[in-house]
Amino acid sequence: MIVSFKDGVKLFGLSIVSCCAVLVCTMFVNYQQDLMGIADKITTETAQMLYQAQISMGKVICFISGCCLLSTSMVLMLFYVKHYIDMHQSVLGMYKAMGYSSFAIAKHFWIFGVSVCIGCIAGWSLAYGICPLFYQAQNADGIFPQIEVTFHPSLILFLIILPSLFFICVAIGYGYFKLQAPVLDLLKERKELHRRKRHPKKEKPSFLQGLRQSILWEKKVLVFLMTFSAFCFSSMTQMAFAMDELASEMFAVMLMGIGLILAFTILLLSLSTVVRTNRKTIAIMQVFGYTDQVCQRTILGSYRPFAYLGFLLGTGYQYGLLKLVLTLVFAQVEGIPEYHFDIGNCLISLGLFLISYEMVMYCFFQKLKKVSLQSIMIE
Amino acid sequence: MIRAKQIIKSYGTSQNAYPVLKGIDVDIPEGTFMVILGASGSGKSTLLHILSGLECPDSGSVIYQNQDITQLSDQERTAFRKDTVGFIFQQYHLLPHLTVEKNVQMGADLVKNSAYHELIEAVGLQDKIKSYPSELSGGEQQRVAIARALAKKPKVLFLDEPTGALDEQTGRSILQYISELHQQWGFTMIMVTHNENIAAMADQVVIMNSGKITQVKSNPSPKHAYEIGW
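In order, the protein sequences belong to chains A and B. Under this note's numbering, the first residue of the first sequence carries the number 1, and numbering increases by one thereafter. Under this note's numbering, the first residue of the second sequence carries the number 1001, and numbering increases by one thereafter.
It cannot be assumed that every hint is accurate.
To list a few chain B residues with every Cβ distance to chain A over 12 Å, as calculated [claimed, not checked]:
1) 1001
2) 1018
3) 1053
4) 1061
5) 1078
6) 1083
7) 1104
8) 1116
9) 1127
10) 1152
11) 1170
12) 1176
13) 1215
If we take Cβ atoms under 10 Å as the criterion, some of the chain A residues that face chain B in the derived model are [what the hints assert, rightly or not]:
14) 217
15) 281
16) 369
Taking lysine to aspartate or glutamate pairs in the EDC-like style, the calculated list, with each CA pair at most 20 Å apart, reads [what the hints assert, rightly or not]:
17) 369(A) / 1074(B)
18) 367(A) / 244(A)
19) 188(A) / 1167(B)
20) 1130(B) / 218(A)
21) 369(A) / 1076(B)
22) 370(A) / 1055(B)
23) 1130(B) / 1140(B)
24) 41(A) / 141(A)
25) 1223(B) / 1196(B)
26) 188(A) / 1135(B)
27) 280(A) / 1074(B)
28) 323(A) / 244(A)
29) 370(A) / 1135(B)
30) 370(A) / 1074(B)
31) 367(A) / 1135(B)
These aren't lab readings, by the way, just hints derived from the structure by calculation. A quick note: this is a predicted structure, and the numbers were derived from the prediction, not measured. Just so it is clear, CB atoms sit at the ideal spot from N, CA and C, and this is done for glycine as well.
Given only the sequences and the hints, what does the whole structure look like? Please build it.
This is how it looks when you write it as structure tokens:
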């Protein structure tokens, strides 16, 4: 078998992200449908205003988290498929050389879509476990009549079957596209060179500067993922702090949980790829006498500015989003406090981010140091 | 003088240890060109890695100017490699995403050698300075590896089958070039190979078999690369 089931399962990060997406969407869509089912029983003005607000809120959350997590899942899967092809170029080239067509090889990539399916099923099941609590929190003041959790079979189609099929098709399609490369390029593991436009500079960059630039240039998707993981961490944690004051503790816990899982999953996935793809570079540098600190600073440290940029963007995003939701969606609802940017929460979030990011970086580098230089050199 | 004493090295777990080096003793005078000859699996590459401070033996010592490098910490061994040794590998191990210039600069920057362009010119690659390794032939890639190793002005140059992946003509030109540099610059050179003909170029030949040195020969009249068989 060209791609084993184990290769698909390795993409657990994608399962986690799709689990989060389906969890949020199932809870809100299910709640909305149940809420609409009792719409005729909502008679008071306050209840009707809250009904409208919750319906709008549900749409916004489903749209934002759905789009955001769907695009993240897509980037993660395409990134992994590309990485898989890069790492197995010679084997895939051998299959092509033997006469297998690109499609015959690519169709085995359906396995990568399975991780989305696993995540969707997990998220959907988890959502039904949490729904009673969620319903209670949404109607904590008892403004609406009792809302029962109803099972909606259509959600299985829209939140499990269709997304899984879509991802499976995209994995096969993207694999097919990438496998269009000439057989010899695959066999000899020749990579397409992306030449940068060079602007004449007064001073030539040093080796380390050149290496840093080339690492970032060659792995632009990793730069995006690093930025995005910081973005998730920043926006979700700060939003969770704000939700504690604006909405309910349950919302806060949910946002914090999803945010942290998402941020760490993406961060770990990106870092493990950074370490794996730069193992040889670090080994050669160490052979030549570059110290661990220099290797760490040059290779892993290159991503640091982007992580901080992601944090900054996340801060801006969460502020803008909350301001927008509270101004537009809840404008008519009484008792909603005005939202102001909380510098204290921002600093706590930044502190947590700095500690987590640097710790993860440190652990990965220590892991890398344990691999013997000889074993890397003879690979 | 480099002196290796009673070097023992095994791989695997303590229950399934596979001995690779079984008590190696060897003296390498400064400025010598030494060839370590042996069949595949004889332990010659492991010995090279231990002599160069890439790996530590299970027991024994490697003395460079009264300093036992097997007793150094990881950090100290890194500093030792930086100051003392250069490497040329069979598979070149160039950084694929960097140009020829940047690959050579990797060695040069370590010792703040700003004259690395002369080396690129010396290995005949001045026209390919902006090329990437994948755009070069095997011989050209090996010449980049030579320039990279020499750019850090090593006192000892370690070569692990440097012509193993090259055709005869390219292999000979590379060997001739390295040997001329060795005579010109006077560094110590230790080369691992399984090609017995190359041994005729060396001052000293160490023959290994099954983790032991079976013979050490001195060569009073080393030959040129174009005089040896292939």
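Determine whether the non-interface label on residue 1104(B) survives the test: each CB of chain A must be over 12 Å from its CB. Violated, because the least Cβ-Cβ distance between residue 1104(B) and chain A comes to about 9 Å, which does not exceed 12 Å.
Hinted pair, alpha-carbon criterion (20 Å max): residue 369(A), residue 1076(B). Please report holds or violated. Satisfied, since the Cα-Cα distance of roughly 15 Å is no more than 20 Å.
Verify that the Cβ of residue 1116(B) lies farther than 12 Å from every Cβ atom of chain A, and report whether the claim holds or is violated. Non-interface label on residue 1116(B) violated, nearest chain A Cβ at 10 Å vs cutoff 12 Å.
Given pair status - residue 1135(B), residue 367(A), alpha carbons within 20 Å: Outside the cut-off at roughly 33 Å; violated.
Can we confirm that no CB of chain A comes within 12 Å of the CB of residue 1078(B)? The assertion about residue 1078(B) is violated, with a minimum of 5 Å to chain A.
Going straight from one Cα to the other, do residue 370(A) and residue 1074(B) come out at no more than 20 Å? holds (11 Å)
Measure nothing beyond the straight line between the CA atoms of residue 370(A) and residue 1055(B); if it is 20 Å or shorter, mark the hint as holding. Distance of about 13 Å is within 20 Å: holds.
Pair hint residue 280(A) and residue 1074(B), alpha-carbon separation not exceeding 20 Å: At roughly 18 Å apart (the allowed maximum being 20 Å), residue 1074(B) and residue 280(A) satisfy the hint.
Closest C-beta approach of residue 281(A) to chain B relative to 10 Å, hint status: Residue 281(A) check passes; min Cβ-Cβ to chain B is 6 Å, inside 10 Å.
Given as non-interface: residue 1061(B), partner chain A, CB spacing beyond 12 Å: holds (19 Å)
Quick check on the hint: residue 369(A) CB to chain B CB, less than 10 Å? Since chain B brings a Cβ to about 8 Å from residue 369(A), closer than 10 Å, the hint holds.
Measure nothing beyond the straight line between the CA atoms of residue 1223(B) and residue 1196(B); if it is 20 Å or shorter, mark the hint as holding. holds (13 Å)
This entry does not satisfy hints 3, 5, 6, 7, 8, 10, 18, 29, 31, going by the numbered hints stated previously.
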